[in-house]
Amino acid sequence: MAPDAPDTPSSLPHRHLLDLSAYSAGDIRLILDTAREFRSVLDRPIKKVPTLQGTTVANMFFEPSTRTKLSFGLAAGRLSAETISFSKSGSSVKKGETLRDTAENILAMKCDMVVIRHSSPGAPHYLSRVTDAVLVNAGDGAHAHPTQALLDVLTMSEHIDTFKGLHVSIIGDITHSRVARSNIQALTTLGAEVTVCGPRTMIPPGIEHLGVHVTHRLEDALDRSDIVMALRIQLERQDEGLFPSLREYHDRFGIMGDHMDEHPDLLVMHPGPVNRGVELAHDVVDHERAIILSQVTNGVAVRMAVLYLLAPGRSAGLDA
Amino acid sequence: MSDDLLIRHGTILNPETRETREADLLIRDGLIDKVAPEIDVDAGIREVDASGKMISPGWMDMHVHFREPGYEHKETIATGARAAVAGGFTSVACMPNTNPPIHTRDVVEFILERAEETPVHVHPIATVSKEREGVELAEMADLQEGGAVAFSDDGAPVQHAGLMRRALEYSSMLEAPVINHMEELTLNPHGHMHEGDVSARLGVGGIPALSEDVMIARDVEIAAVTGGHVHVAHISTARGVALVREAKARGVKVTAEVCPHHFTLTDEAVETTGFSTHTKMHPPLRSAADVEAVIEGLVDGTIDAICTDHAPHAPHEKDVEFNAAPFGILGLETAWGLSVRELVEPGHLSVEEVVRKLTVAPRRILNLPVPAIEEGAVAELTVFDATSRWTFEASHIRSKSRNTPFIGEEMVGRAHGVYSKGQWIDPTE
Numbered sequence: 004m005a006p007d008a009p010d011t012p013s014s015l016p017h018r019h020l021l022d023l024s025a026y027s028a029g030d031i032r033l034i035l036d037t038a039r040e041f042r043s044v045l046d047r048p049i050k051k052v053p054t055l056q057g058t059t060v061a062n063m064f065f066e067p068s069t070r071t072k073l074s075f076g077l078a079a080g081r082l083s084a085e086t087i088s089f090s091k092s093g094s095s096v097k098k099g100e101t102l103r104d105t106a107e108n109i110l111a112m113k114c115d116m117v118v119i120r121h122s123s124p125g126a127p128h129y130l131s132r133v134t135d136a137v138l139v140n141a142g143d144g145a146h147a148h149p150t151q152a153l154l155d156v157l158t159m160s161e162h163i164d165t166f167k168g169l170h171v172s173i174i175g176d177i178t179h180s181r182v183a184r185s186n187i188q189a190l191t192t193l194g195a196e197v198t199v200c201g202p203r204t205m206i207p208p209g210i211e212h213l214g215v216h217v218t219h220r221l222e223d224a225l226d227r228s229d230i231v232m233a234l235r236i237q238l239e240r241q242d243e244g245l246f247p248s249l250r251e252y253h254d255r256f257g258i259m260g261d262h263m264d265e266h267p268d269l270l271v272m273h274p275g276p277v278n279r280g281v282e283l284a285h286d287v288v289d290h291e292r293a294i295i296l297s298q299v300t301n302g303v304a305v306r307m308a309v310l311y312l313l314a315p316g317r318s319a320g321l322d323a
Numbered sequence: 061m062s063d064d065l066l067i068r069h070g071t072i073l074n075p076e077t078r079e080t081r082e083a084d085l086l087i088r089d090g091l092i093d094k095v096a097p098e099i100d101v102d103a104g105i106r107e108v109d110a111s112g113k114m115i116s117p118g119w120m121d122m123h124v125h126f127r128e129p130g131y132e133h134k135e136t137i138a139t140g141a142r143a144a145v146a147g148g149f150t151s152v153a154c155m156p157n158t159n160p161p162i163h164t165r166d167v168v169e170f171i172l173e174r175a176e177e178t179p180v181h182v183h184p185i186a187t188v189s190k191e192r193e194g195v196e197l198a199e200m201a202d203l204q205e206g207g208a209v210a211f212s213d214d215g216a217p218v219q220h221a222g223l224m225r226r227a228l229e230y231s232s233m234l235e236a237p238v239i240n241h242m243e244e245l246t247l248n249p250h251g252h253m254h255e256g257d258v259s260a261r262l263g264v265g266g267i268p269a270l271s272e273d274v275m276i277a278r279d280v281e282i283a284a285v286t287g288g289h290v291h292v293a294h295i296s297t298a299r300g301v302a303l304v305r306e307a308k309a310r311g312v313k314v315t316a317e318v319c320p321h322h323f324t325l326t327d328e329a330v331e332t333t334g335f336s337t338h339t340k341m342h343p344p345l346r347s348a349a350d351v352e353a354v355i356e357g358l359v360d361g362t363i364d365a366i367c368t369d370h371a372p373h374a375p376h377e378k379d380v381e382f383n384a385a386p387f388g389i390l391g392l393e394t395a396w397g398l399s400v401r402e403l404v405e406p407g408h409l410s411v412e413e414v415v416r417k418l419t420v421a422p423r424r425i426l427n428l429p430v431p432a433i434e435e436g437a438v439a440e441l442t443v444f445d446a447t448s449r450w451t452f453e454a455s456h457i458r459s460k461s462r463n464t465p466f467i468g469e470e471m472v473g474r475a476h477g478v479y480s481k482g483q484w485i486d487p488t489e
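Chains X and L supply the protein sequences, listed in that same order.
Sequential numbering from 4 applies to the first sequence in this note's numbering.
Sequential numbering from 61 applies to the second sequence in this note's numbering.
Just so you know, these hints were derived from the structure itself, not from any lab.
Ideal Cβ placement from N, Cα and C applies to all residues, glycine included.
Any given hint could be a false lead.
Chain X side only, calculated, beta carbon under 8 angstroms to chain L, not exhaustive [as the list claims (entries may be wrong)]:
id, residue
1, Thr101
2, His121
3, Ser122
4, Arg132
5, Ala145
6, Gly209
Beyond 10 angstroms from chain L on every Cβ pair, some chain X residues (computed) [unchecked claim]:
id, residue
7, Arg47
8, Leu77
9, Asp143
10, Thr198
11, His285
Extracted from the complex, chain L is given alone in its bound form (with noise of 0.2 angstroms):
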């Protein structure tokens, strides 16, 4: 049974084509029925007024860590779609670090059909190896019909160069992109956080930003060379970006995603808070200088989506010593007010923009089709605004963990509403 809804005033935006229109929406039975300027419908269906809000196609976080099966003390499908529809998110694709790691068929139809009670859409991103040990491939072609879109060992990066090349050469041929958290682990044998001078004052082991950049520049010339799409994970270095700017004016299949975090805080939050261990993510907050750089990224393209990296940690295992703690903050419900107050804000880029790269940007990566707002469509859309002011508190999480360093931080713009698998939820009520 789904929700009939009419949604009146809003402004709706197209993120392909970033055309907006004033118009009343109306959805029937989880379709769009009618779009135009004034609908009359009896009395009986539900209202919504969205004057003064915009509405776009679903936004999509390719980057989550929803932890089922495995670490459902930190976060459920359940749990981690309820964080996605509270930030605004429709679908999100979920990385296989999980306990089985996402290696086998069974896994991925696990994941889907646990998300079928939940309103979201969840991708699985399915390991490139075998239990995710960087020897021999999963069944790449056996995942991808069981649903996997993406192929990822995640935070077990390919270090095997011949399993990358022969990962793309495969995934090349599943037309789906491999993604790798991009770190040579041997440049990072002890690190908790970037290497700068911050680093230096602390004492703290560094991860320097050439563990990234050389794995970047490894995997744009294997993709170079098998025309393999590789996809990089939460890029957070000046370096790295332009390493992906060079590849892709050369023409290389590789596409780039970069994490509210990256582009809002530096490592000098880590010194700043007494070191918090909110501030200790993997790959760690980095410099001013790499934060400009990621921003320039955004604003040319190199970077094609915004994703989150939402990756929930139990309170307990936040609760320790700095070099004890897990890598990781939430991400889903902070994505949109950090990216309004970082990116529009200051006039980096436009709503329509930033829209973009939550909502066509990732599903082009993912091969996945973007939602349209148009008669006969199903509905999947987002209703938010790009303008109003609120303090981000701990009673807004909605994810199970509370690991987040924003709580008390100022967002800009806020997500009012989702429509999607036939249900209207609004985070606010």
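Next comes chain X alone, as it looks inside the complex (with noise of 0.2 angstroms):
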């Protein structure tokens, strides 16, 4: 892929990721070109290089994660960190220990950084405030998750030239959705256009002051959409009344084979786990447009990308 715009920084000026609101163009740009050097890095049989020997990493995840804990885990294993891993679901207060306790007493035991999901919008940003380390968000409720949205754009920018005219359009419970609004971050500052459809009850009301288009109609959406992204429905928005039946979704919302047909350029993308047969069809996630796996490769070199820019005292070259 060609370069946006030639002035890309040689670090970033941020000690955290907490979101991607301060991260300019070229600080983006700067994770992608690293992840890309990481990329090839996974490709070699030997997939692990010494530059965060003596880093420790924990990783803090208050809700329930798969794939995100493990990418974070084996991108720092390949970075040479060393990690810890806490998991624990539901509220820590509830059970006693508030997170700032918690936190504090895993980094007692002296973390450098810090990988962090948490339910509660926020959790990052108030850990940045009572604590010393530096804290990555792996997704704090419906908030943020920019390491997913950096992925994301990662693995588009393997499809395409230019961020600059794309238009990727995102599909489904955009109110609830963390890696939507990190998305919505990313595209629009490297220049793209971003459509949000789903049902009315599924959008929030203000989202348009985000420089998205709004539709409710899919067809509206795949019509000018180059990438299309379709959001993991969660069952228990239909206890919440927010839509009628999965039946109902899948018939309005889903993402057919048909559809496939119909735009013969259009690649297809789902931050994972996919509900098959709501979200997609199920020929739609093995159809040879849809990039989810690819997705999921580059999570380990964009969060390796990530660790090594924002490791303190980071001067190792890659290859050191």
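Make one complex out of these two single chains by using the hints.
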């Protein structure tokens, strides 16, 4: 992919990755460029570099997660960082220990970086104020999931020439989606156009002020899109009355094989895990233009890049 | 034993008539003994120089949470009273979301007894319903006889329209208002901040203005039919203000109050502070258009009173992630400094009008007498200025808790002392 602008910085002017609001196009390009170099490491027989030897990364997951947790664990391992992992579901407060105390206890074991997933929006921002560690947000409520957005734009960049003029549609429950919010931020920063599409009950009022188009007709979204990203539908939203049934959702907002035929250049993405037959028809998941598994591979590379670029006292080069 | 005191050269403000006059004011045995241009007294009586300062009837905050009984780790009546005095308040009405709630006469009497040890007049607001559960009416007449001045289920707003009708019918017989925290809860299943552009951006569950507006619309209709007096607690929405304005024009017995944070801050503060839990309160900080509308409501009289919704929470309760934090912030100590900064300085209201909303208005709503500044009256007054600029610091806090977003903020105007229940207290000493 040709760079959209020539000025890519050589280091990130940020201490944390809390969300992408303070990250410029140059910052994002630096992360993508770095991730591409790591991506080539992942294709080697020995998939490990000594770059973060002596650095300790704490993976703190206060919400269930499979791929993000594995991905961060693998990324840290391939940079030769030491990792400790912590998983706890539900609110720590209800179980007697506050988030701050949990974090401080783990940091007292001398960790340099914290990767945190939490159900409360702003949890990483809060920890960044009360601890000294470098924080990487691995998903905070419906607020942000910056490494997901970065791996998504890295994956897109493998298939396009430029983000300028690119049109990406995000389909599904936008209200509850940190993936949508971070992708909107990353894509609009890079110059792409974004449409969000879903049932009216799942599109938050005011979302248009983020500079996105809004439609409730899937066909409108697909007609204008180069890439479509379907979001996972959480089954419990049906109980909250946000949509009547999975059947009706799939019928109105599911991406079908016919859509792929009607839009011969359309690429399909999904942050996973996919509900087959809901967001994507079975044959769409396995379609040659579904690039869902590249997203997963790129996830490791992007997380390596983020850990590398934010590691305290970084000085060694990639092959050091 | 009460403090005798001579306050010299103050400007005495009568918020009923909006008249001011410069005079000395002598207090003996807790009563105003003399008001005159120059008063000569024997040596030995304490003198306070109030040159350049104003004196008004003691301020009243009709919406505070003093947390006693049940949550004494957040605030007690004693520490709440200290915060009140520091902010210039001599009277408060305290909300019944205690444990047990103020739903039986013995709890009312307990609060009054505790308040006797403080320099502040504490007026309990009792619950509308037993256990604050919104099912059966509490013993409202007995509660009133015990000393309750109004009825409210506070943060558990009366959801059942039929119960609200009965409450307003019954309370109209007692000539006491029902205060409702206006919220239709089914419209706010998961909210932590105002629903709008900022919540859309931050992914924080929204509390829609609609949940407040729908409840105000309902209660105004019930008040119109029953003739009961409904008081809108801490109004925060533009449409809510319009609904109250329309209802007042139709002659409905409805009154309203607003908190300084709702005319000072917007929902943007949640973002700019990086999800500070000190920007989390209920109703939430609203949009800029809502702020403009509540200021208009204050200016045209739609909103009668300024209150604070002083809601102390212990430091450990607020030192958590945003969604886990309880709603509410302190208010007593910053009310005047913010009101002058946000209402007087930009020219929306005069000092006299703001003082009226802190003295006459709340007492009219609660059917309490307004302290007079005239010879023979019981002395209850506040000495203050409306021009000094100062920075609010954590060290100024007299509450037991620390949950305020205003530390480090510039305040305009300050309370310099109160005379209440026979005591002179200068909070700056």
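Results for each hint:
1. Nearest Cβ of chain L to the Cβ of threonine 101 of chain X: about 6 angstroms, under the 8 angstroms cut. The hint holds.
2. Look at histidine 121 of chain X: its Cβ gets to within about 6 angstroms of chain L, closer than 8 angstroms, so that hint holds up.
3. With a cut of 8 angstroms, the hint placing serine 122 of chain X at the interface with chain L holds, because the nearest CB-to-CB distance is about 7 angstroms.
4. Taking 8 angstroms as the C-beta contact cut-off toward chain L, the hint placing arginine 132 of chain X at the interface holds, the least distance being around 7 angstroms.
5. Hint on alanine 145 of chain X holds. Least Cβ distance to chain L is approximately 3 angstroms, under the 8 angstroms limit.
6. Taken as an interface hint, glycine 209 of chain X checks out: its beta carbon lies about 4 angstroms from the nearest beta carbon of chain L, inside 8 angstroms.
7. No Cβ of chain L comes within 10 angstroms of the Cβ of arginine 47 of chain X; the nearest lies about 38 angstroms off, and the non-interface call holds.
8. No beta-carbon of chain L comes within 10 angstroms of the beta-carbon of leucine 77 of chain X; the shortest separation is about 27 angstroms.
9. Its beta-carbon lying about 8 angstroms from the closest one in chain L, aspartate 143 of chain X breaks the requirement of being farther than 10 angstroms from that chain.
10. For threonine 198 of chain X, the non-interface assignment is confirmed: its Cβ lies about 16 angstroms from the closest Cβ of chain L, beyond the 10 angstroms cut-off.
11. With a least CB separation of 30 angstroms from chain L, histidine 285 of chain X remains clear of the 10 angstroms interface cut-off, as annotated.
Checked against the numbered hints above, the structure violates only hint 9.
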